[in-house]
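Peer 1: Given next are the chains, with one letter for each unit.
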Amino acid sequence: MKLTLKIWRQKNTADKGGFVTYVADHVSKDMSFLEMLDVLNDQLTERGEDPVHFDHDCREGICGMCSLYINGKPHGPLQTTTCQLHMRSFSDGETITIEPWRAKAFPVVKDLVVNRSAFDRIIQAGGYVSVNTGGVPDANEIPIPKTIADLAMDAAQCIGCGACVAACKNASAMLFTSAKVSQLALLPQGQVERKTRAEKMVAQMDAEGFGACTNTGACEAECPKGISITNIARMNREYFSAVVSSENM
Amino acid sequence: MTWVTKTLNSTLGRKLIMALTGLFLILFLTGHVSGNLLLFKGDGGQAFNMYAKFMTTNPAVKLLSYLTYISVIGHIVYSILLSQHNKSARPVSYSTSKGSTNSAWSSRNMGVLGTIILIFLVVHLQGFWAKMHWGEVPMVTYEGEEYKNLYLIVNEAFKQVWMVALYVISMVFLGFHLSHGFASAFQTLGLNHKKYSPAIKMVGTLYCILVPSLFAAMPLYIHFSSY
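So the protein sequences, as listed, match chains A and B.
Quick note on numbering: the working numbering labels position 237 of the first sequence as 237, and the sequence is numbered without any gaps.
Quick note on numbering: the working numbering labels position 7 of the second sequence as 256, and the sequence is numbered without any gaps.
Calculated from the structure, these hints are not laboratory results.
Note that the structure is a prediction, hence the values are computed from the model and not measured.
Hints may contain errors.
To be verified - Distance condition first, Cα-Cα at most 25 Å in a straight line; then the derived BS3-like pairs of lysine-lysine:
| hint | chain 1 | residue 1 | chain 2 | residue 2 |
| --- | --- | --- | --- | --- |
| 1 | A | Lys-104 | B | Lys-347 |
| 2 | B | Lys-255 | A | Lys-200 |
| 3 | A | Lys-146 | B | Lys-444 |
| 4 | B | Lys-336 | A | Lys-110 |
| 5 | B | Lys-347 | A | Lys-29 |
Full structure from sequences and hints, please.
Peer 2: See the structure below:
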């Protein structure tokens, strides 16, 4: 396959940045998208040019590190992570536009790498539970209905990649935040901080400068882990009930 | 009351106001379309004129009308606040974005649809509501009591083709606005559950087709029955 790549290059956060066009020759359709970029980077390095910086880690679709806004969609044309996207999803001669996630809360570090630590700060604000120290508790010590455990696990599938923010026309982080609020609010272990968690995580989400949800459903449609927007409704319930009943002034 | 202002200034609080005012306006539209169905009665406007007098004099209706004004203004003000906030959340936009592959057109264009509806609303209020309240309206007598002949004003207005066209087209935009707004309001309130969400979505779809269609039928009926 021969592809034309329109890639966003940006030296650092302060740099204005712009698109640079590269030609990727001899691309195998069995390559993953990141492998295709690896080959391009080898060529750039051989030519003495600065390789294209992009985030990646496990390359198994479980860590949430890879990103990239490919041809107008986060993680490209399939509902998966970029590392699990293969070149067979593209056709020979195609032009592929690759951009970083775009959000005020996700500043570009370099090229296609964005700083997603805003997500970490939302977790730090309330995405934890209190546990007793001491011996390891028995696995089934706390009874949890299967249906509830399943819902919590569905929410806990979120890998925090930020595709929801990237896909949202408002750069809203409500799918991410709601998944993190939900996974703990649903379980007995999460009850201690339940109200404070909803209040603090929403406040942190706002403080980071993410937009407000307009219920377009784009996040759910693009999420590589299929997180449902029913979580957003749950977060709204958690938040509104918390603000009228919590002890926090 | 810091916690109240803090909540209402949060993104979720602002969305709550959008949802509540939106739902109240949906209630208003339901009442408005039901009452105006009297235009189809074919009694020369007697029932409609009597209804119009009731709507402008009854104290309970007055209270509801103030709530409607507040809802309209609140819905507009908070939509502007949220739109500005959302715009600032993405200072650099994408060069290519395929929104149509992951969301409905109406859901992505609520601001545009709302602005068109607002322009229509100004024309609509000026043509009928302002005339009824402060304008010169010819009087008509039914059973010894005097009534403002709003029916005549409505008839005169819809003899003009451009007015009919404006109303019909505006109702299409209203339909699209409601097609997203109805179910969206419930989602914002946190009411999304497998037990009742399918019903909310179904009622929303029926509502966004039925109500604007009935409204659009009124100018069409009056225009073509005047020949």
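Peer 1: Give a verdict on every hint.
Peer 2: Evaluated hints:
For the proposed pair Lys-104 of chain A and Lys-347 of chain B, the alpha carbon gap of about 20 Å is at most 25 Å, so the pair holds. At roughly 12 Å between alpha-carbon atoms, Lys-255 of chain B and Lys-200 of chain A fall within 25 Å of each other, so this suggested pair holds. For the hint linking Lys-146 of chain A to Lys-444 of chain B, the alpha-carbon distance of about 18 Å falls within 25 Å, and the restraint holds. Taken as a hint, the Lys-336 of chain B and Lys-110 of chain A pair is honoured in the structure, with Cα atoms around 23 Å apart against an allowance of 25 Å.
With a CA separation close to 23 Å, the supplied pair Lys-347 of chain B and Lys-29 of chain A stays within the 25 Å bound.
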